[in-house]
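Chain by chain, the residues:
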Amino acid sequence: MSRTRFARLAAAAITALSVSALLAACSASGGAVAGLAGSGGSASGGTAAKGGTIVYAAEQEPPCLSGGWLQEAYIDRNILDSLVTEASGGSIKPWLAASWTVSKDDLTYTFTLKAGVKFTDGTPLNAQAVVDNFNYWEKGGNSTAQVSIDPYFKKAVALDATHLEVELNKPYLPLLTMLAQAYFGILSPASLTRSTEAQCDDPIGSGAFEVKQWIHGQELILVKNPNYTSWPATALHQGPAIVNEVDWKFLSDPVERYAALTTGEANAMYDIPTVDWTSAKASYQVTRYITPGKPVSLYMNTENGPFTDVQVRQAFAYGSDRKAAVQTAFHGVIPYEGNPSVSQATPGYDAAVASAYPYDPAKANQLLNQAGWTGRDAAGYRTKNGKELDVKLAYPAGSVITDEGATLLQILQQQWKQIGFNVTLVPETQAETFSGAYSTPTSYDAQPWYWTSPSAAILWIVWRPSTKADPNYSNSSFYNNTQLGSVIADGNTAATTGAADKYYAQAQQIIQNQAAAVGLYDQTMSIAVAGNLHDVWLEKSQGEPVFEDAYFTQ
Amino acid sequence: MTAVAVPRAGALARLRELRFRVQLGTVISSLIVLVLLVAVVAPAWLTHRSPTAIDLEHTLLPPSLSHPFGTDDAGRDLYTRVVYGARESLGIGLGATGLAMGIAIILGFAGGLAGGLVDTVIARVLEVAFAFPVLLLALLLIAIRGPSVTTEIVAVGIGSAPGYARMVRGQVLAVRNADYITAATALGHGRWAVIGRHLFPNAMRPLVAVITLGIGQSIVWASGLAFLGLGVAPPSPEWGALLDSGRMYITTSWWLEIMPGVVIVLVALSVTTLGRTLQHRLEGAAR
Amino acid sequence: MSTVGEATVPVASRRPSARPHARTARRILVKVVSAVFVLVAAASVTFFAQLLVPGSRATAILNQQNGRAQQWTAAQLAPVNHEFGFDKPILLQYLDYVGGLFRGNLGTSYTQYKPVTQVIGDELVPSLVLTVGGLAAAWVLALAVILLTAKRRRFISALGSTWEALTASLPTYWVGVVLLVVFAVEIRIFPVIGGTSPLGTVLPVLTLAIPLAGFLGQVMRDEFERVLDQPFITTARTRGMGDTAVRLVHALRHSVLPAITLSGWALGALVSGAVIVENLFGRPGIGQVLVTAVNTRDVPVVSGVVLVVAAVYVVANLLVDLVYVLVDPRLRAA
Amino acid sequence: MTAPAEATQENANVSATGTPLLHVENLRVAFGDTEVVKGISFTTRVGRCLAVVGESGSGKSVTARTLVGLTGPGSRVRSDRIELAGLDLTRQSERSWQAIRGREIGFILQDALVSLDQLRLVGDEIAEPLKLHKWGTRASRRERAIELLSSVGVPEPEVKIRQRPYELSGGLRQRALIASAIALDPKLLVADEPTTALDVTIQAQVLDLLAESKARGRSIILISHDLSVVARLADEVIVMRGGEVVEQGPAHQVLHQPRHEYTRALLDAIPSEHTRGTRLVPAAEHESPVRRTRKPADRDAPVLEARHLTKVFRGPDKVDRTVVDDVSFSLRAGETLGIVGESGSGKTTTARIALALLAPTSGEVLLRGQAWSALSPSQRRPQRKRIGVIYQDPLSSFDPRWAVGRIITDALRTGSRPPSSKSSARARAIRLLEQVGLSEQHLDAAPLRLSGGQRQRVAIARALAPEPEVIVCDEPVSALDVSIQAQVLDLLTDLQDELGVSYLFISHDLGVIHHMSDRILVMKEGRVVESGPADEVFDRPQDPYTQRLLTALPRLAPA
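Chains as they are written, first to last, in the working numbering: chain A, 1 to 554; chain B, 1 to 287; chain C, 1 to 334; chain D, 1 to 559.
Just so you know, the hints here were simulated from the structure itself, not pulled from any lab data.
Note that the coordinates shown come from a computational prediction; the quantities given were computed from them, not determined experimentally.
Take the hints with a grain of salt, since some may be wrong.
Unchecked claim - Computed spacing ranges between beta-carbons, pair by pair:
id, chain 1, residue 1, chain 2, residue 2, range
1, B, R124, C, R103, 20 to 26 Å
2, B, R124, D, P544, 50 to 56 Å
3, D, L448, C, A311, 29 to 35 Å
4, D, H274, B, N177, 53 to 59 Å
5, B, L24, A, T374, 56 to 62 Å
6, D, D80, C, R253, 39 to 45 Å
For glycine and all other residues, C-beta sits at the position ideal for the given N, C-alpha and C.
Chain A on its own, in the form it takes in the complex (with noise of 0.2 Å):
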């Protein structure tokens, strides 16, 4: 069962870093970047080496590579560069654009690019070409970057073969991190004149990689790209690729992953099972990170059922160990997230708010009898005017809640179970999940669902309150709130990120305080590396694998 990892993307603003939990030999390397431009230089591991091929056990086969999926934009990064990267601490650094400067009124951007680079195709990068690529955007060509840019940008333009203007709308201080992300990796003009269907199977870029071969339902082969001459300002070497060619393996089962990686057959790994957490650190270099924006947190129905009470949806909150609950179903690997609203790794995170609803069945019992739910039926659920306390909790199976995940909601069923609450646990397929069968106020009381964004600005797509003329789909707590709403706008459009933070903060408030959303974990993403490949590393905007500075040592 594939396990898709919805892109989420953040449509407005800010700035900043998710946290990386950088652990073992990947720190280490760091510093053996720059004098191996030539020959191979010698490394923690051994002799370092030229050539070779990296097997990637990745999981999930996306069906095109120009999308909107985060499982996309991992590919995309290794084949595709942008103008600019993103670097620890939430700092824009140059990458296909040497430099940039930005007007006074925030309204218009100037790049200059650098010289002398080629597409893979041969065509050369000019001013043009990347204008193309924004109105490739714009029209909807990859439609994570079009909503990502489309309220905000208004024209690009080439002002000679190396220097452009992008005009804005309106401030929009998030640009330069969205443009870091792998939607936004330049194509090569010719290659976004072709149809879909090539779009799709072979994007042509100017990265490090180029597609050699897709077989569907088996691996997607990328060669390395002999000319490559603009690598970004946070590459850990100067030049080419070091290996020839990364084998991006899809591998479904997390099981089949790691036994390819013991097994030796594969040299790197994509989501590491929690299970085999403690062994995967002894062994391999392994990398966590976790994803800012929402966390896997449960929507919690207020327009309709049982949750449209407030006292009921707090009392479903203190009503469950939902900390030990974590740290059990994912082997303490995955952390717990009592916000609801921002992980962690969100610029903007207020920690005092995570810390509300600890486990209390005292309190979720007497939070229940004010609301009226004093009855219990013969099978110990509580009632009110002789309807059971029932919440239908629909999840997307196997994508969003992987099987550890499972394991998370059917603890909490338990728990939920002694202070009167029946929870039906009703798993979505993703046929009926991508078909909205889950997304009316009639079709659940709770939903867990994440959003990765590399800003607090995920507020208001999803908080956004909902009006008939403008309706917020995202809205899965069907929570309209003028208030939240204009706290959010507020933090959006202020003028320093401590000004915007506290109204953040304010809004995470108002979240728990209503128990709008009931926070479970972070979503984390986390890769293992063989002990003789080095220099394998995450970029910043959303955890996308590097490949290009990686070497083998013998």
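Starting from the known structure of chain A, fit chains B, C and D onto it as the hints suggest.
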């Protein structure tokens, strides 16, 4: 006129003829099925624990005296879950096979008895149905109706119906031409009387064994659906669901995958073995 | 020598008909027409079945392009509806689809934007290798066990039939997991990531073959034991033929007949098994395509896969008929 | 390796001498605790035929198989001596047995349709013993197969070796089987019921073939239940019953002056022109056969009348085949009309038309002068009680789930006087059982557990239950041993005397037909070739086919 001596059909001889050829396999199979039936009817007789009671202090314990099959990732006793899962798993097996047989009997008898155009139309319909293997049908149905026990029963039932329908039709054709059918007609019995009193019971007799095979196979199919993430909703201890959730632990906590697997195999094997014993007996009796 | 002529025995029953060619042509035509009917009907059923999935296809396409699970405004849905022709009446969409089938056009994938023929075409060969390999391996396994154990000493026979009953009861997926862990992870004989390499095909094929071999074996064993009691087997023995030769030369050919029929039926089980095996071993094939397409509501791809499975079924059953007649020429006369 | 030409020459020398070939002394065979052959001894001689005769369960087939070391699994064989031309057969390994079988001893089983591998070419089957005993090359074996086929009188042997057994007619097939048995010209031929299930004309051909082998100096052991077949070939006869030899001696003595009562009973039980109008089994109080007094048939009132019946079947190849061609007959009250013919003659189809189980393509059947075949099924149903039927295989005509009592009461309910209550049904069922020589204790028996004769008695009781005017008997005794056959035939005639019922009696057995029938219809390929009073047809056959049939009929009296 000489009275012919009564043959050795005396009580003793008949007893010897009727005597069940007791084989070890049959005995073991019967025992397993017996335990299974207890698990279905009164699971509490076999375990004092609850299948959903979690115990975060005792997760992933290997098999021991107090937890014969070990515990799972939520600290639930796996043995208890397997015992309680019997009802749903067997329900899927019986339900799917029952549904399949129901469809098969209608189509098989209509085709076999009516012949001509009706038979041709049914044969075509069956051919189209054959193009939908069980799993393909299940995928489609689950996409339409969402995963549930009912969907699994319907999917596996409809998926295996064409095979049964062909068997029923074959049986109807074979029995239709049997001498005793002709004999009943020659005695002056009406068409429906002959069908009801002779054709139906005799055509269905050899299918008793097929039905028991089908029950085992349906359980096995249901576990395949669970593997594709299309099984019944948690925390149901349905066996296929147990297998699916155990997969992640195959290298670290083997019992979560192996124990339910062994139980599924043993049950399918026992039901099948009993079915075959029954088949051999029925065939022996018919000869 | 008696002179009573053989003329008294009518042999007219096998005289060929007056116009053999016309009859053969007619028979072939009937087969072709019914095959086409089966294919179109199967694709049509799938087409309509998928329209029953809750939610609109445009919503599914938008959600799946954007990785969301939400509702969309009419304005957002309109261009998608137009692009894929969902704004046309259902009947018209259906007629377009069926019309396309006859031109060899199975439509365009909603997710890969490629012709369905291409999406499936790429994956067909690995799937065929898997299923045909599975069937062949199942036959080899079943035959070996039968020849070695059927109608031997009681213990050996019991061992053989227990093995068959046991393997026939194994869930495909469980066999796969156990084989993978034992032979790829613990004892590293076969690769974990097999792909389509010959070595990597071994475990998937075995996973499919082992349960099927149990089934075939059970059917063959009954028949084999029955055949060994036939008078012509005694005849062969009275000519001085040894036991092994009797089994191989005489009994085998008779006892494979029901298993050949079952092989046609087993196709469904093989395809179902392939869906599981391909997903388990990360092997390309139409099983994986199918699961993905059903998940993403890629209607044309799902219908296309069903069409291919139906076609394989039709062809396989023609082959079964052919092989059956080759093994038992008596049927040619009938 | 024996060159066939030499062999023939050698045989010519010894053919008349009667040199002993096989000695068997005190052979005992047991399966588990049950001894099925209880001490039998005999000697076969070169150029002679020894016949082992007995009914089912007599142990004759087991004896035959023991001679080639194929007694079967679970058997225990003991003997004082089994010796074939100086070779001790009691102590042979399986390997050396394989060398003996086919080369020293040839074996012929009944009906080649099941005794030859239907999926292999006739040529391969014939050449198989040659190949197994490493005789010649592939090409020479093929030559030899053709030669053998031609020597057993098969026309176009080059064509036939490339055909499969099912493509050959019954006679050719049986000859091919014999050809394969004599391929290596073994000294001893064991023939186990070689002519059972064959039509009488083909049976004659096969016997001739065996006689020819005997004349060439081969020794034959003929296993048969049929004394008249034996009479044609045997020089010496052993009569077995229950594993014991009851009589043993020269053929003419055993067959014509039997010393043992059982042999005599067996001989008496054979229906033929001589037994017409007599009981085949003497009633207990009488020592000798008693002449029956037959009621004169009511000549003027035909019960069942067939007029120009024709039945055309369309085969799967869309070719029409006329199976019954312009058949007319009339059956009068209290009379037996025999229909005789070989397989494929259309006699069973005629019976089914008479029963209105099958509609004639043209022509009609009248019952008591009223329309019968022309009635609609619903009109006919209430009339069905007037015609009963007895089948060849009674077991298959009973619903396998039903006990005897239910079978008979079910039939009673279809009659004109359906029983009013359960107890009266039971009483009448018991009366019927007693009428056919069974008793109350058979009521609850499953037919499967009854003997063949008892099953046929139940079938007769069922046929009688609705009190029909006519009973169609379709080969009612063909599957029965001769003594049982005699009992059933006696029962049928007794019932006719008692109840005045008419029989349409169908059989391939000329003896049975002659014994039973008042008048006879001889059918061949769907047509009636001859008809008339039984004695007339048998004594003065007009049609060449009838004549041929009668010539081929094996008789006890040397022809």
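Do the hints match the structure? See the list:
1. Distance hint check: the CB atoms of B:R124 and C:R103 are about 24 Å apart, consistent with the given range 20 to 26 Å.
2. Take B:R124 and D:P544: their Cβ atoms lie about 53 Å apart, and the range 50 to 56 Å holds.
3. As the Cβ distance of D:L448 to C:A311 is approximately 48 Å, the hint placing it in 29 to 35 Å is violated.
4. Checking the proposed 53 to 59 Å range against D:H274 and B:N177 shows it is violated: the Cβ atoms sit about 40 Å from each other.
5. Taking the beta carbon of each, B:L24 and A:T374 are about 60 Å apart, inside 56 to 62 Å as hinted.
6. Roughly 42 Å separates the CB atoms of D:D80 and C:R253, a value that falls within the hinted 39 to 45 Å.
Violated hints, in rising order: 3, 4; the structure is consistent with all others.
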